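**Q** Chain by chain, the residues:
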Amino acid sequence: MEGDEIRRIVIEQSYRAHVGHIGSALSVADIVATVFDTWPRIGAMDDNLRPRFVLSKGHAALALYAALFLKGQITQQMLDTYCGDNSELGVHPERRDWGIDVATGSLGMGVSIATGLALGGQMAGPHNFPVICLMSDAELNEGVVWEAAQFAAHHNLYNLRLIVDVNGQQAFGHTWQVLEQPSLRKRWRAFGWHALRANGHDRRDLGRALIAADPQVTRDRPHVILANTVFGKGVDFMEGRIPWHYLPLDRVQYEDALAQLEEGPALP
Amino acid sequence: MRTAFIETLTALAASHPRIVLLTGDLGFGALEVFRSRHPRRFYNVGVAEQNMIGMAIGLAEAGYIPFCYSIATFATMRGYEFIRAACANGAQIRVVGMGGGFEYGTAGWTHHALEDIAIMRALPRMQVIAPCDHRQAASALRATYLHEHPVYYRLGKDDLSELSGLEGHFDPGCPSWDAMNLGSGTLIVSTGAIALEVSQAIGMVEKMDGATIEFRPDHCVVSAFNPGQAIDYTDYELVITVEEHRRNGGLGSWVAEQMAERRTAARLVRIAADEDYLVSGLVGSTGWLRARHRLDAASIADQIREATGEVFGDER
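Residue numbers (our numbering), protein chains in the order written: chain A, 1208 to 1475; chain B, 961 to 1276.
No lab work stands behind these hints, which were simulated from the structure alone.
One should not assume that every hint holds.
Stated by the list, open to error - Quick look at which bits of chain B chain A covers, simulated, 3 or more residues with Cβ under 8 Å:
1. 993-1007
2. 1038-1047
3. 1120-1126
None of these values were measured; they are calculated from a predicted model.
By construction, the Cβ of each residue, glycine as well, lies at the ideal position given by its N, Cα and C atoms.
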């Protein structure tokens, strides 16, 4: 699964449905593709020991739907209902028996739920399941994230992998303007976590970070991967621009965006 | 109720490996029995009620039945949006709130649960259960711990007193009770620990006035499991609700909704906590606070007499 395949679906579906949250979905596309390739059993709902994926930044749900489509778990016809009336595919994901473990949309909650899942996994015994939670850097504003971080560290939830999409932007400003987040890696380490930095658009670097966070390698602490990303990655007029948290695409922008993805922007 | 509830939960957990108990750093002198019997299924999550409920959603998704324990205000209010998310996720969680009403008297308004029933019963599929005494707390838990949807248990501290005649009976379905219909008269419905005061008040009124009052303390489920089987209020001329809770949104409101939807002609009188309370800033013992809010047995008896006097005149 390629990040640009996810991006293309994100652009097509958000244009068709005339909805926003495009930049957020673009910034996590490579992360979602890497996670789904690393844990192919995500969404295998009949397996109680399947890896669980929690999209704590629920507003990037379109990237998740795209990945589930590319995996063959939902049809093109279903994908085309995105944000339509009577659709199961909204701006934020619901819990779905066809492949979504947890409903999210209220920021910070997913981290707490993922922590409970990881605890449940460990209680299931030695053959426990990994829990992968993808959150935004803006979610670090939420107090409950740090409540969960303390619990996960205290109880050595090594099967929990948290990936922070560090795109430096939030709904109404850049993170440095809203609540500055200096020394992120030190913060997580101070909370007792393994903390790694990675390039969130470099599959090889992300893969390396995920492997370094493998419980077979380090069986003691929860892991956080601080993935540096570019908001709106792949579409030049969206990259790093706050308004694309909300704006939908017009026809000219849509064609421009698709053309840019067609050319395939060089990875950094 | 607390000891009875936790001991029952501890016994149930022995045969049901899915039961997990979380606490927000509370339960000294009560939760130790569970912790020592089931140490691998007991977690003190710290003073972090939001995370307690959030983790419970995750644990439920992983196949467990998590019970989340705290003082009622913190259990229900601090993490309310998380409880709402549990409903949205179809998570089989249980919220256990200690100290409904004025149980933590001198602790002040932060510890007085006076809106918890209202907010919890507003949630879809949430079952609200406020047992009247410790035996009913145990039987209510046994009857509902496997319920497929979220449950809120509102408990009191009293583990000694028993409501006479109740025998720990818990009836989640509120089935038809024609057999107990005493004809046109007065029905009193209560919920939670205040039922003991209500029972005493009824004794006072009956002794003095020779009245016949039907009291339904087994009707402690505010959002009924089977709403279609709720009480037939048309059999009464006067219905009185008594709750250690705010007047709007709780038991009295629930009964009012049931009566209105059934076009019941009976008069409804709601006895509840004083509306001005949150701003008064006064504390005292549970007994003092109940009296202050006219929720002690003598005050309840007075209000019952006032209501029956209005409805039935001097015939009694």
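**Q** Hints first: check each against the structure and report whether it holds.
**A** The hints, checked one at a time:
Residue count for the region 993-1007 of chain B with a Cβ under 8 Å from a Cβ of chain A: 5. That meets the three needed, and the coverage hint holds. As drawn, the region 1038-1047 of chain B meets chain A at 3 residues by the rule of a beta-carbon pair under 8 Å; at three or more, the given contact holds. Under a criterion of three residues with beta carbons nearer than 8 Å to beta carbons of chain A, the stated coverage of the region 1120-1126 of chain B fails, only 0 such residues being counted.
Consistency note: the structure conflicts with earlier hint 3 alone.
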